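Peer 1: Here the protein sequences line up with chains A and B, keeping their order.
Here the first sequence is numbered in my numbering, starting from 1 and rising by one per residue.
Here the second sequence is numbered in my numbering, starting from 1001 and rising by one per residue.
In short, the hints are calculated from the structure, not lab data.
Some clues are possibly wrong.
Distance condition first, Cα-Cα at most 30 Å in a straight line; then the derived DSBU-like pairs of lysine-lysine [what the hints assert, rightly or not]: (1) Lys1049/B with Lys147/A; (2) Lys101/A with Lys122/A; (3) Lys1074/B with Lys192/A; (4) Lys192/A with Lys122/A; (5) Lys1064/B with Lys130/A; (6) Lys122/A with Lys147/A; (7) Lys1074/B with Lys1006/B; (8) Lys122/A with Lys1006/B; (9) Lys147/A with Lys1074/B; (10) Lys30/A with Lys74/A; (11) Lys101/A with Lys1006/B; (12) Lys1054/B with Lys401/A; (13) Lys192/A with Lys128/A; (14) Lys371/A with Lys1061/B; (15) Lys143/A with Lys1074/B; (16) Lys143/A with Lys129/A; (17) Lys147/A with Lys1006/B; (18) Lys192/A with Lys1006/B; (19) Lys401/A with Lys413/A; (20) Lys192/A with Lys1054/B; (21) Lys1061/B with Lys147/A; (22) Lys352/A with Lys364/A; (23) Lys122/A with Lys142/A; (24) Lys143/A with Lys1049/B; (25) Lys1074/B with Lys1061/B; (26) Lys74/A with Lys142/A; (27) Lys143/A with Lys128/A; (28) Lys143/A with Lys1061/B; (29) Lys192/A with Lys1049/B; (30) Lys1074/B with Lys1049/B; (31) Lys1049/B with Lys306/A; (32) Lys1064/B with Lys1054/B; (33) Lys1054/B with Lys142/A; (34) Lys1074/B with Lys1064/B; (35) Lys142/A with Lys1064/B; (36) Lys352/A with Lys370/A; (37) Lys1006/B with Lys129/A.
Given the structure is predicted, the values throughout are model-derived calculations rather than measurements.
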Amino acid sequence: MNAYQDMTSPPNAQSNVPEFSVSDLAMSLKRTLEDTYGHVRVRGELSRVSIAASGHMYSSLKDDNAVIDAVCWKGVMSRLSIRPEEGLEVICTGRLSTFPKRSNYQLIIESMELAGEGALLKMLEDRKKKLAAEGLFDPARKKALPKIPQVIGVVTSPTGAVIRDILHRLSDRFPSHVILWPAMVQGQGADKQIVAGIEGLQNIEAHGLPRPDVIIVARGGGSLEDLMAFNEENVVRAAANCTIPLISAVGHETDTTLIDYAADLRAPTPTGAAEMAVPVRSELLSMVQDSGARLLGALTRRLEDKSASLRLQSKGLGDPTKLLDIKTQQLDRIAESLTYKVQSIISERQNKIVSVGGRLKNPKDLIQQKKMMVERWGDQLTAHRMRMFERPETRLAHAGKMLEAYSFQNVLKRGYTVVRGEDGQVLTQPESLSAGQNVALEFYGGKTRSAVISSGDAKIAPAPRKKEKPAKKKSASSQSKDTSQQSLF
Amino acid sequence: MTSAPKPIEDMTFEAALGELETIVRALETGQAPLEESISSYERGVALRKQCEEKLREAREKIEKITIDPNGAIKAEPLDAE
C-alpha cells in the first residue's frame, strides 16, 4: 500500500513510476491476495473435479459467469464430510493464493459443505424442460435406425481416441463407408461447428457425396463444461430436426447432455454408438443362412406331406396300371384270335388253292398221257394192219379152232351131259321133269334114252335113248346144262 | 405373399430379409397352396441371395470432409492414425 502511494505521489507520474521486477510484482500480488483473502467463504458449483495420484484434488468453483480454480490438499480431503463431485453446488471455506511462478490464483479449500442444486445444472434443467415442452424429445419423433447403414456420418473431432474407437468397432462388426465431419467438440464456437456438421451431412448430396443413413455425434468424457457444447440449444435443435437417424455419444455413461434427449438413440460411449449403428455382419450372415435353411426345410416338409397324402389318395383310387393291364390283356387276346383267324383263312385258301391246283393237271402230264394214248392207238393200229394182211385161210382155221374151243362138245368131254325132252328141247330146270318121263341124254361119246324115276328126289334111271341130235346152240346148251346139273343133285 | 412383388435387386437388406422371414414363416405354417409355396420358395431363395450379396458388398471406406476457403465441401480419405 505504502509503496503504491509512494509511486503515485511524484508530480511527473511517467517518470516517477518505480520499476518493478516481475518477481517483485508477483510477490507483491501474492501478499496482497493472501492478506486480503486470507479467509473466505465462497459458494459455487464444483467443476473439473480431478483427484491426482498424489491425493490432492484439483477442481474449480463456478457460477454462470465466473470460474475460480480450487485445490484441496490431500490432508484436507481426508477430513471432508462430503465427497467432491462434478456439478455439486458447494460452499467452500479457505484462502486465496497464487504461485508467483505462474501468477494464477486459486482457492485453497480448507472445508467444504453442500449448497444444494448447482446453478448450472438448474439452468440446464430449465432448458431441458423448455425444449421438452416444445416436443423436441417426444418419443414419437424418434426414427428407427437402418439395420445396415450404407453410409455412416460421424460428427466429432478428427483427432483423438473417439473417432479411432468408433472406426475400430465399426470395422470389427461391419466394415462400412464412414464420412467424418470434423468439428470442435469443446470451447468457443464448438456448438456452431457441431450444428454445421449435423446439417451439412444431411445436405451432403448437393456436393456429390453419398447421404449418410445414420449420423453419430460423439465426444469423449469430460467435465460438464467440456460437454457444454452438447447442451447448447442450437445443437439440441439441430439433432432433434435431423432427418437422418442420429445417435448421440457424448461423454461417459454417467454424463447426460441435452443432445441425448433429442437424439433418436443415446449411446453410453462412442464405441457403444458404433455398436448401435451397425449389426455384426457374421451374425447377419448366419441369420440369412438360417432363414435359407428353414425355407428349404419348410418346402421339403410341405412336399413330403403332400406326396404322402397323394399316395394315400391314390391308394383309394386304385392302380390305373392294373386297369390298363386288364385292358391290355383283353386286347392281346383279341389280337391273338384275330391273327389266328386271319391265318386260318389264309390256310383255308391255301388248301383250296392246293386242291384246285391239284385238279388242274400239269400240261406236261396231259401231254404225256395223250402221247401214251397215241402210242397205244398206234400199236393197235399196227396190230390191226397186221391182221388185215393175214391170209384168209389162216384166219378161217383160227376161227374154226376158236369155235371148236367154245363148242359144248368140249364141255361134254369133261363129263357133262345134255338132257333133252322128247321133243328134243334141252331141259334145264328140274321142275320140267316128271316121274316116268322120257328124256334123251347126250354124252360126249354118244346119245342114250332114259326115263325119269322121280322128279323130287332125282334118281338116275336108265331111259330109252332118243334120237341123237347135235347141239344147236353152244352158249344156250352150256347155260342150261349148268342149271340142270345143279338141280339133279 | 406380396400382392405386388418388388424387384429384388432394388430391395434393401432389411426389406429382403424381412420378406424372406415372412416367407419362411408362411411356409412353415403351411397354409398356402402348394404352387404358391413353390413360387414363394423360389422368391425366398432369390431374397436370400440378395441378402448375402448386400452383406458381401460391405467395404470399409473412411472419408473426412474438408471445407475449402470458398465453402466447397470435399471428402478425402482419412489417414488412419
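Peer 1: Can you give the numbers of the hints that this structure goes against, from lowest to highest?
Peer 2: Those not satisfied are hints 2, 5, 6, 7, 8, 11, 12, 14, 18, 20, 26, 29, 30 and 37.
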